[in-house]
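Engineer: For the record, the sequence lines run as chains A and B.
Just so you know, we're using the working numbering here: the first sequence kicks off at 159 and counts up by one.
Just so you know, we're using the working numbering here: the second sequence kicks off at 159 and counts up by one.
Note that these hints are calculated values from the structure, not bench results.
None of these values were measured; they are calculated from a predicted model.
A hint or two may mislead.
All copies of an identical chain are treated as equivalent in the list; a pair is satisfied when it fits inside any one copy or across any two copies.
In silico DSBU-like cross-links for lysine-lysine, where the CA-CA straight-line distance does not exceed 35 Å [stated by the list, open to error]:
1) Lys467 x Lys282
2) Lys374 x Lys494
3) Lys348 x Lys363
4) Lys226 x Lys529
Protein chains: 2
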Amino acid sequence: MLFIDTKTECPIYEQIYRQIRDKIMSSEWKSNMKLPSSRQLASELQISRNTIEQAYQQLYAEGYLFSKPRIGYYVEKLNNTLISPHFAIPTSEIIAQDTIKDQYRYNFRYGKLDYRYVPFKIWKNLMMQCFGEEMDGLVSYSGHQGDVRLREQITKYAAEYRGVKCDPEQIVVGAGTLYCLGLLCNLLRKQATRSIGFEDPGYGKARTAFKNAGFKICPINVDKDGINIKELDASGTTAVYVTPSHQFPTGAIMSISKRLQLLEWANRKQAIIIEDDYSCHFRYNVRPIPSLQGINQTANVAYLGNFSKSLLPSLRLSFIVLPLSLLDSYKTIYQKYNTTVPYLFQRTLERFMRDGYLDRHLRRVLQVYKKKHDCLVQSLNREFGDKIKINGRNAGLFITVKVNSKLLETQLINRAAELGVRVYPVSDHWERLEQYDGKTVLLGYSSLDLDEIEQGVQLLRRAWFG
Amino acid sequence: MLFIDTKTECPIYEQIYRQIRDKIMSSEWKSNMKLPSSRQLASELQISRNTIEQAYQQLYAEGYLFSKPRIGYYVEKLNNTLISPHFAIPTSEIIAQDTIKDQYRYNFRYGKLDYRYVPFKIWKNLMMQCFGEEMDGLVSYSGHQGDVRLREQITKYAAEYRGVKCDPEQIVVGAGTLYCLGLLCNLLRKQATRSIGFEDPGYGKARTAFKNAGFKICPINVDKDGINIKELDASGTTAVYVTPSHQFPTGAIMSISKRLQLLEWANRKQAIIIEDDYSCHFRYNVRPIPSLQGINQTANVAYLGNFSKSLLPSLRLSFIVLPLSLLDSYKTIYQKYNTTVPYLFQRTLERFMRDGYLDRHLRRVLQVYKKKHDCLVQSLNREFGDKIKINGRNAGLFITVKVNSKLLETQLINRAAELGVRVYPVSDHWERLEQYDGKTVLLGYSSLDLDEIEQGVQLLRRAWFG
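Modelling step: build the complete structure from the supplied sequences, incorporating the hints.
Structural biologist: Right, here's the structure in full:
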């Protein structure tokens, strides 16, 4: 029997629909059972025949019923043993990690920026302009490669700052460096490349991205001036990922000599170099060395840049400069994809660059972060003297500290944490952990002010040497 | 000989640096040549010895020189045959495709929305609030899965609208559906799955994404009520991609009976179903059928949703509901990644959903797009009668039209274009083109107004039947 509740707001046809559906799903009404005719049911329930028909048609459209012409509706044969009871979602006790107030007094977090020096006001104004003027692009999908006007600005920018020489057609904008690496892996896979030479230690997240894409990692040692070419050569791989501007995490700057050797290797082996220029702007006491891509544009260099350090990490805006050798393959494979970067941000960034705001911003933050860098190095020297060895100075937004004591990485981190100071492990960045000295930690300084850096370092001395 | 230009703004040390670098790179100064002492050169050029030292140290730091203690600097041995001349970037004649004014009078473009019904004002206001209140998140990287508060909102939303039952821990937000598919491919690859059952015809971009990730496509016919289960079963694959709400591009709605069969198949084969619910909100004359995920949460269903149709395509905001079977693997593989969705948009969307704006917006646009849908179907029936067959009615934001004439797809499209009307091919969505009737085109209607739809259809009749 069906029931009609006239006091509820639920429409009558829906009440009928639901009750019949539930009867079918619970097997109360079995398959092949004939339903009462709409006339019969309408009279029984004292409602309009149309209302019954509406409910039946809905059930029919959804496949609960089948019909025999001029006879009526029947219950479909459904395999409803698979239907699970509508279980209540457990009240999850989720800790909103993102929202937890930083529990450390001094957090030497790498990659976080100093909000006081982010040009939010200009960015907001430009973004509002885009809302007014870019309506058509906002309500559409747009191509994978990114807006051509933004790619033109990026071309100029990469030439100006990094000596990268390319055409806007070689540029692809994407949602972060790891996304871009995944894209390159798809291109390499088409060429039957399945392994990658990787600095060891090297940027752990990138290594994970290659592994996740099914690539075999060939770990290669890092010398003081960058990746070891002999080992790379011996590994037999035909692709390599490097961070020449400020090797992650050793901070080594690849010398021009090493750069030429690497290019020569790529040339000889018909290999591809993936050059991640992840924090190229931050060089404090020497001028930047030109990018590998800039030294030789005929070599197989895929250049990766991003705006995470130079502008804002949460934008998720990176770019690839594809070598000519991968361009056709990219166009074939990705022509149908949509971009991964919101159109609003693409258009805002283009204006930001075009109107000179990025240049101005970079000049400013270079001074800001140089002061923080110098302060950290001086504080460490003052507090520790030769009890530590600092690596990775003069570039980037982090340094590493090797501590001459019996403490191992975890102890160094935990002792610091006990005094409210957060420093970071280097072990994440090793593929062959057995080669790691075990006594090094990583310190980012971009989000701390000078006082905090000094006080943090004093606490580190107490934590590690009492 | 080196020259100093005192009239330029270029610092003297840099002039020296550049000239020496160029001499080395052009092999004018050969390797192992000893450089003049700084004292000697300073006196020669009548400048300070410090300036020379500064230039030498820069060259040394960059690896152009080596030094012998207490003797001086020498030119490094560089393999500079690889250095390409600094070629000028060809003045590329790039057509700013994105900026070209639409050349069609009536563009039946699929996926573009009607900007008049996008809640820009509310969105902008909420975004500005986030700028004020979310500073810490904006200047940081954040986790791959997405902000937990947004995931909680998505959990409620998916339950409410699609019967999806999950915990926020199962949700991952990502930059578009194809990005999410790439992610799922990485997870499946870990389980040694390398092939995917795929509706034929089926969503061409998704098929490309699977191929790009190295997956083999097993094309499976589509019946009137969705994918053919027998063929799927016979294919031997243990993964399938389906679009049950509105099959792309046939528009078939998967019946409840077919849904149960599909779930039974997955259960029996220990297979995974990828359910792309890409435009689930748009159902015009019947109520939505619950999602596969919602029917059985213990089955292996990865549910994909997005906010492209329901809010704005240019946001690039999709999400996955991971089945419990993939959760551990996801956490292991992706724990170190950063999100691909800008924090600003994550926080804005969370507020937008929390404050009820999305519900309100969906109620509104459902009416808007229903009117357009009805208008298109009526216009087509009026103009063409039984000269065409319409498929994919009553759901989604497009329909397909099979034209009963001798014209083939390309001719249908070209003839329409000659009269200023853009319609779209279906052939892109076939894996086995030989099975395609060759006479079908796809019409989206979401960006056109009612008058435009009527006039566009009149022109189509002229184009196809004179």
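Engineer: Give me the numbers of the hints this structure contradicts, sorted from smallest to largest.
Structural biologist: Every hint satisfied by this model.
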